[in-house]
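Can you make the complete structure from the sequences, with help from the hints?
Order-wise, the sequence lines are chains A and B.
Okay, so the first sequence: first residue is 1078 according to my numbering, each after it adds one.
Okay, so the second sequence: first residue is -4 according to my numbering, each after it adds one.
Hint data in this document are derived by calculation from the structure and do not stem from the laboratory.
A virtual CB, placed ideally from N, CA and C, is assigned to each residue, including glycine.
A portion of the hints provided could be inaccurate.
Claimed, not checked - The calculated label-pair distances, taken between Cβ atoms and stated as ranges, are: (1) B/Q433 x A/N1122: 24 to 34 Å; (2) A/S1118 x B/G482: 31 to 41 Å; (3) A/K1080 x B/K287: 28 to 38 Å; (4) A/S1167 x B/D415: 53 to 63 Å; (5) B/F237 x A/K1080: 35 to 45 Å; (6) B/D415 x A/Q1119: 27 to 37 Å.
Claimed, not checked - Straight-line alpha carbon distances no greater than 20 Å define the calculated EDC-like cross-link-like pairs of lysine to aspartate or glutamate that follow: (7) B/K80 x A/E1090; (8) B/K295 x A/E1105; (9) B/K(-2) x A/E1105; (10) A/K1272 x B/D(-3); (11) B/K248 x B/E231; (12) A/K1089 x B/E76; (13) B/K248 x A/E1105; (14) A/K1196 x B/D(-3); (15) B/K92 x A/E1090; (16) B/K(-2) x A/E1090; (17) B/K80 x A/E1199; (18) B/K248 x A/D1099; (19) A/K1272 x B/E76; (20) B/K(-1) x A/E1274; (21) B/K(-1) x A/E1275.
Here's the letter readout for the chains.
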Amino acid sequence: MGKSIRVRFQVKETCRFISHLDKVRSFERAIRRAQLPIAYSQGFNRRPRFAFAQALPVGVTSDAEYADFHLTEYLEAERLKIALNQVLPSGFYVLEAVNLPARAEALMTIIQAAAYRIKLLEQASELPDKIGNLLAQKSIYIDKHTKKGSKQVNIRPWIYQLELNEDGTELSLVCACGSQGNLRPMDILEPLGLKLEEVLIHREALWIEMDPVRRTPIDIVGG
Amino acid sequence: MDKKLLQILPQVSSPARYTNGELNAIHKDWDTTTLKMCLAFPDIYDIGMANLGFKILYHIINQQQACLGERAYLPWIDMQEQMIKAGLPLTALESGKPLSEFDIIGFTLQHETSYTNVVKMLDLADIPRFSAERKETDPLIIAGGPCSFNCEPIVDFLDCVVLGDGEEVLKQILELAVAAKEQNIAKEELLRQLAKLEGVYVPRFYRAVYNDNGDYMGLEPLKQDLPLEINKNLVENLDQAFYPDTAIVPYTKVVFERAVVEVMRGCTRGCRFCQAGMIYRPVRERSVEVLKKQVAQLIKNTGYEEISLSSLSTGDYSCIQQLISELVQEYEGQGVSVALPSLRVDSFSVKLAEQIQKVRKSGITFAPEAGTQRLRDVINKNVTEADLYDAVESAFQAGWHQVKLYFMIGLPTEEFADLDGIVSIAKNALEIGWKYHQKGRRKPTVVVSVSSFVPKSHTPFQWEAMDSIEVLLEKQAYLRKHLSHPGISFQYHNVHISYLEAILARGDRRLAATIARAVDLGCQFDSWHECFDFKLWEQALQDTNIDGNYFANRQRAKDEILPWDHLKCGVSKGYLWREREKAFKEETTPDCRFTNCTGCGLPKCNIRDRG
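Printed below as a string of structure tokens:
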């Protein structure tokens, strides 16, 4: 075993509007409050060493956020989980934690896909047809704003699954997530004629492998 | 969370300002708590979360068993629009209850240009604006903070105003309010009881009197047994004063995110333009032991990465060297740094800054305030040319690339020679910079930041006329022209905002109508350059028959009755006048901590008693 621990945590409603950077800082402060034996980066601006997986878009809640903590000594993962939950603000909750083998691959690089549940706050019309149309298209171009300006990207290849539940109140979306291709769940709203304020988006899972079996960043530790 | 709110939030900027649930926020049970008080900050969350007084009072309220304390801030304009559209009133963060359901709303008056925001918050909360219009069931609106010493322009909106340190008197106010609620005592009677407390002013019990020329002639009490003068509250021993061992940690980035300890209160340097230097006297220090204990608790409970040593002039704290060394030694290993909010203009202060700021990431700031020795003597800023260049030299030598210098224009007796002095200081400072940063990649820069002098109540300059808008603009243009130089950048404040501040800083009760009218016309966030609209204010002044120049640009006579004469900060009017006379003779007054009592008249003062 190495000295690093991987955790899965929740982002609840009160925290959903916090930027990725602010989430990182919330954890930095929690680590200091919990007085964990965290490793610090070298140099003048010493930061505690931990890393998050793929950033959660602002406005989205989640049951599937992952972070790796690099400690200076071996600590049982369960103890880290308990210690963090004692000091984290109420909008975060650590669900599970595992000790990582030495030289585990960095979280950021291994994420492949994500699953989202999109709850509809208002009655939406003709959604099944719109979903059918959307999936039938070979390419769907949207404007992507980057530092260098805006460009058109084709998001169709990143949509793996999009379904409406039986009573028509919730969409489920499985899509690309990570450095190989990344779909922001809000990007499918406009093609479906939905507005951001009409839905609540929740991230249900992150996967590092889709075929033949879906595996989460924590599954890989056991297997 | 309310469904309407849930749908609004994705449509507004920085929605996390409105979501609550921050670490260490206190959620007491609404139904079983007798008295509910909401602290209301008349600006956005990001600004309000930095306020030290709020941090202290929040915990004092919640410590009282029968009381619950929550917070509210003025939502940004986009959020206001959405709330109005959805029919949502202004609510407190913790419980989400409308402000109108609280028993007491406590505003802080930090600066005059936040007055429209106070009224705006009442509007958004559906609470009648004027004290006289509010009913028995409406909350009691109280206010404190530095502007309570010259609060007359805003008193028509308030039920009671608290002068000076709030720690002790707030407990007394709450005690009376709890009893009033339990015994069903009428608001009028409660206000009578409150008016008997030291430092509590109930404006509606007094009537302002004016002569035929429209000059203010003083206040007339409308009831018996009312004090004719209100003396401020004073916490004599800071070590024994309550200080919270925890602080709310915001989820999002706000101004000044750090653990704050207050090393001392008050300042006796005696700068003649400075209201804070007069109203917060005497100087009271906390001991190093107490401060270290407070820091340890705060870091443990917040996890902050920075400790700020707060006061009006932290470089003057008598044990500053010891405190900084011990804090740096203790916290360096945990990635926690120490910050000083303000630096004195001397090389000693630079040494302190050097000790705590291992990375010279930002610039370093000094405030010489005026460009010549003559004018610095007039304002009693006891800084010499040598002090200033020493400080600048030490800063560049220590590795800083940017030095920022704060000045004021429009000070009494100012001439263009004093502006030339600002220009030559900037150029000389840059010259010094080049000595140390010739070879490096980064060139030295000097930033000159210039604000306009606004005469304030309770200062030796309270009788002076502010420079007219035209003169100030001319002076700004003059500086802009002469400071246009590679390596020097020039920043300046909006002259019209300063003019508004000057009107409200020395105004009387007639301005309440103007403030109300300004809000009706759409004025709010007047201290925000992007929101301030001078045309609307001109309109409001005109509509309410107020001549702004009468308040801003008029020289007052020595014996004139001033609208704040009844609000006592302890420093006597005679002392202020003597200081004014010395100013015009270019004579300085030393800091009484290092010499003798200068006779400011403070009733409770250990320096005078020392002899």
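The hints, checked one at a time:
1. B/Q433 x A/N1122: 24 to 34 Å: holds (27 Å)
2. A/S1118 x B/G482: 31 to 41 Å: Hint holds: Cβ distance 34 Å, inside 31 to 41 Å.
3. A/K1080 x B/K287: 28 to 38 Å: Holds: the Cβ-Cβ distance is about 32 Å, inside 28 to 38 Å.
4. A/S1167 x B/D415: 53 to 63 Å: Holds - the Cβ-Cβ distance for A/S1167 and B/D415, about 59 Å, lies within 53 to 63 Å.
5. B/F237 x A/K1080: 35 to 45 Å: holds (43 Å)
6. B/D415 x A/Q1119: 27 to 37 Å: violated (49 Å)
7. B/K80 x A/E1090: Judged against 20 Å, a Cα distance of about 23 Å means the pair is violated.
8. B/K295 x A/E1105: holds (13 Å)
9. B/K(-2) x A/E1105: It is violated: about 32 Å lies between the C-alpha atoms, which goes past 20 Å.
10. A/K1272 x B/D(-3): Since the Cα atoms of A/K1272 and B/D(-3) sit roughly 19 Å apart, the hinted pair holds (cutoff 20 Å).
11. B/K248 x B/E231: With a Cα-Cα distance of about 35 Å, the restraint between B/K248 and B/E231 is violated, given a limit of 20 Å.
12. A/K1089 x B/E76: Violated: A/K1089 and B/E76 sit about 26 Å apart, past 20 Å.
13. B/K248 x A/E1105: holds (14 Å)
14. A/K1196 x B/D(-3): Since the Cα atoms of A/K1196 and B/D(-3) sit roughly 16 Å apart, the hinted pair holds (cutoff 20 Å).
15. B/K92 x A/E1090: Roughly 18 Å between the alpha carbons, so the hint for B/K92 and A/E1090 holds.
16. B/K(-2) x A/E1090: holds (12 Å)
17. B/K80 x A/E1199: holds (18 Å)
18. B/K248 x A/D1099: OK: B/K248 and A/D1099 at ~7 Å, within 20 Å.
19. A/K1272 x B/E76: It holds: about 19 Å lies between the C-alpha atoms, which stays within 20 Å.
20. B/K(-1) x A/E1274: holds (10 Å)
21. B/K(-1) x A/E1275: Between B/K(-1) and A/E1275 the Cα gap is close to 11 Å, so the pair holds against 20 Å.
Violated hints, listed in ascending order, are 6, 7, 9, 11 and 12; each of the other numbered hints is respected by the structure.
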